[in-house]
Structure formats: C-alpha cells, structure tokens
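**Q** Sequence:
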Amino acid sequence: MSNSGPEAEVWYGIPEFNLLALNITVPGASPLYPDVHCTANGDVCQYTIGESEINAATSMASLVRFPRFDFTSTYFMIAGIAGVNPEVATISSVTYARYAIQVALQYEFDPREIPANFSTGYIPLGSTQPDQYPTLIYGTEVFEVNQNLQKIAAAFSRKATLNDSDAAIAYRANYAASPAYAAGAAPPCVVECDVATSDVYYSGSLLSTALGNFTTLLTNGSGIYCTTAQEDNATLEVLLRAAVDKLVDYSRIIVMRTASDFDRPYPGEAATTNLFWADQGAFKPAVQNIYLAGIKVAEGILDGWDTTFSEGVKASNYLGDIFGTLGGTPDFGPGSIFNDK
Numbered sequence: 028m029s030n031s032g033p034e035a036e037v038w039y040g041i042p043e044f045n046l047l048a049l050n051i052t053v054p055g056a057s058p059l060y061p062d063v064h065c066t067a068n069g070d071v072c073q074y075t076i077g078e079s080e081i082n083a084a085t086s087m088a089s090l091v092r093f094p095r096f097d098f099t100s101t102y103f104m105i106a107g108i109a110g111v112n113p114e115v116a117t118i119s120s121v122t123y124a125r126y127a128i129q130v131a132l133q134y135e136f137d138p139r140e141i142p143a144n145f146s147t148g149y150i151p152l153g154s155t156q157p158d159q160y161p162t163l164i165y166g167t168e169v170f171e172v173n174q175n176l177q178k179i180a181a182a183f184s185r186k187a188t189l190n191d192s193d194a195a196i197a198y199r200a201n202y203a204a205s206p207a208y209a210a211g212a213a214p215p216c217v218v219e220c221d222v223a224t225s226d227v228y229y230s231g232s233l234l235s236t237a238l239g240n241f242t243t244l245l246t247n248g249s250g251i252y253c254t255t256a257q258e259d260n261a262t263l264e265v266l267l268r269a270a271v272d273k274l275v276d277y278s279r280i281i282v283m284r285t286a287s288d289f290d291r292p293y294p295g296e297a298a299t300t301n302l303f304w305a306d307q308g309a310f311k312p313a314v315q316n317i318y319l320a321g322i323k324v325a326e327g328i329l330d331g332w333d334t335t336f337s338e339g340v341k342a343s344n345y346l347g348d349i350f351g352t353l354g355g356t357p358d359f360g361p362g363s364i365f366n367d368k
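In our numbering, the protein residues as written are 28 to 368.
It is worth saying that the hints were derived from the structure and are not from the lab.
Quick caveat: nothing in here was measured; it's all calculated off a predicted structure.
Do not take every clue at face value.
[Claimed, not checked] Straight-line Cα separation of at most 20 Å, SDA-like style, residue types lysine to any residue; simulated pairs: (1) LYS178 / GLY362; (2) LYS341 / GLY351; (3) LYS341 / PRO361; (4) LYS323 / GLY231; (5) LYS178 / ASP358; (6) LYS323 / GLN174; (7) LYS323 / PRO94; (8) LYS186 / PRO94; (9) LYS178 / PHE336; (10) LYS323 / ALA305; (11) LYS273 / PRO94; (12) LYS323 / PHE44; (13) LYS323 / CYS72; (14) LYS273 / THR101.
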C-alpha cells in the first residue's frame, strides 16, 4: 500500500517481478490512482491510496469492499515515507510499527493563549490538562498490529543494504551536538518503533515533544514515538472494520515507514528552516528504501508461504483498536467496551 506517486513508482520496473502485468480499476479509488497493479498470477499487488486521512480511508474502503478481490489470506504492507524523531532513528532509516497513534485528535489552543502551567496547546479530548488521558474516545486513537509479524518483517529488511546520500550524511551530523539525538546522528538502519498520524504536517521540538508525550500517554507507556505520517490510522480503521466482516485478516498487517526528514531541527536551527529550506537529502533514499527493504519482506513471505505464512503468523500481543472491537483486552486505554468478546 503506497500513499503517493513516488512511493508507488519505486515498485515499477523492478527485477524481482512485474507489478504492471495486471491492472485492475477499483470503483471509488483515488482519481489520481484508480488501479491496483498486480503480477500476472496475482500473488503480489500494489495500490496507491492517496495522501491524508480522508484519501486513505476512502481508497482503502473502496479496495477491501471490491468483490473482485479475496483478501482473506492477504498480507497488507503499508509502505510510505515519514518524518522521524532523532531521539529514536535517523533519516533514510526503515521503521516498523506496532502502534499507530492519531496524535492530532485533541483539543488545540494557540500556544500564545495557553495558561503558564500548560506545556502545550494540545489537550486530550474530554480533559482539561495536557497529561490527562482522554475521556472522549472516538475509537481511532490507537491501533496495535501483530508484533511477531512486525519483528519478522524487520528481520527480513535487515538483510537489505539501505540507500543514503552525501547530503543526508552531512545533515544528520548536525544532530550529534545533542546527546539526546545520538540515534539521529547515526547511520540509517532498521528500527522497530511507532508511527504518529496527523493530517497537519508539523515541525519543531515543542510540537514533536508534545505529541511524543501524547503517544506515551495513549499507549500506557509502551509506544515509541518515532515516525510522523498522515494516513496510517485511517488505513488501519478501514482494515479493522473489514476484519470484523471477515474480509481481511487483521493479524497480517505490516506498517513500514522510511524516514525522509526529521520532525524537529538540530540544536541552533530554526523549525522553519528544518521544514522549508534545509537540504536534508533523504527524500530519494527514503523512497528507494521502501523498495530495498520492502522487497525483502515480499520475497520472505513468498518464499516461506507454504511453511509459515499461508497459515498466518500467530500474534502474542493484543490486536486492534482502543475499543477492543476484534476481541481481547487492549493493553492501552480504558479497556474493552465489548467485554473482551
């Protein structure tokens, strides 16, 4: 699953298989990306959902409800670029998430109008302080996917040689000035850490710290705020509802993000410079690493289909949303509203 044209195009013309052999138009898909592209035998397909939560949800819902496809045994790999937290990883890195957190689903005040004892203008819904757990729950705040599959995907990708650039090497070196950003100053690698979803494309230490704290709050301390994207909670909500209707297997979802830019500046750099003008040099490597890391996952699943993946990878962690919609007891939030059934 790609979110944009560059993320999709990296899969076309690759030596491993031809994803343009079979092209199927999906009613209700993005007008920019109307087709699913598949190998001739249909074993591997690629679909572009469009950027932002609304596009992602609409395109995914159109796909999973299209009767031409049977997705009951399909592995879905969400594969896109993202911003990255230099406390956890660096640009050009590849990340795999266990949690997706909808960090912008909050009250918001202009920071020039907040009380002196507020650390941020973001306040959880139904609460009156930044550090209070939200009491108005919509259901899309947090999703948890199969951690065992996450680790398998990361292990496959660690076999890849990741792309990088001279500009990215030079830019990340600026983060070595802060010990807190040691990961940001290190070479790119594969990291298991979590993704924040927000339609707002933000930059800055204060915002990133606040939304990182919100990630910790929502996941009861187990989430690792790492990458920043615009689609994943929307995509996962569609897949969860499809799983309720037995159209997909929610335990077969992989959330992969490659790091194209830092979510905050290095010490001494302005937040606006970080977002608008800095040559971070990681967009092209991040896009290329979607393929370089992702092809290892695709090949690993195909090669191990008969021995492992046909029957699925059993999860040992909770799967699903904050409501407990798929059953079980969420390890975050106030607990299941469905009596764990």
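**Q** All hints, please: hold or fail.
**A** Structure-based check of each hint:
Restraint check for LYS178 and GLY362: the C-alpha separation of about 26 Å exceeds 20 Å, so the hint is violated. Between the alpha carbons of LYS341 and GLY351 the distance comes to roughly 18 Å, so the proposed pair stays at or under 20 Å and holds. Of the pairs offered as hints, the one joining LYS341 and PRO361 is violated, with about 25 Å between alpha carbons and a cut-off of 20 Å exceeded. For the hint linking LYS323 to GLY231, the alpha-carbon distance of about 34 Å lies beyond 20 Å, and the restraint is violated.
Restraint check for LYS178 and ASP358: the C-alpha separation of about 19 Å stays at or below 20 Å, so the hint holds. Straight-line distance between C-alpha atoms of LYS323 and GLN174 comes to about 18 Å, which keeps the hinted pair within the 20 Å bound. About 29 Å separates the Cα atoms of LYS323 and PRO94, which puts this hinted pair outside 20 Å; it is violated. With a C-alpha separation of about 36 Å, the suggested pair LYS186 and PRO94 falls outside the 20 Å cut-off, and the hint is violated.
Proposed proximity of LYS178 and PHE336 is supported: the alpha carbons are some 14 Å apart, at most 20 Å. Among the hinted pairs, LYS323 with ALA305 is inconsistent with the structure: their alpha-carbon atoms are about 32 Å apart, more than 20 Å. At roughly 13 Å between alpha-carbon atoms, LYS273 and PRO94 fall within 20 Å of each other, so this suggested pair holds. For the proposed pair LYS323 and PHE44, the alpha carbon gap of about 13 Å is at most 20 Å, so the pair holds.
This hinted pair checks out: LYS323 and CYS72 have alpha carbons roughly 15 Å apart, not beyond 20 Å. In summary, the hint linking LYS273 to THR101 is supported, as the alpha carbons are separated by about 12 Å, within the 20 Å threshold.
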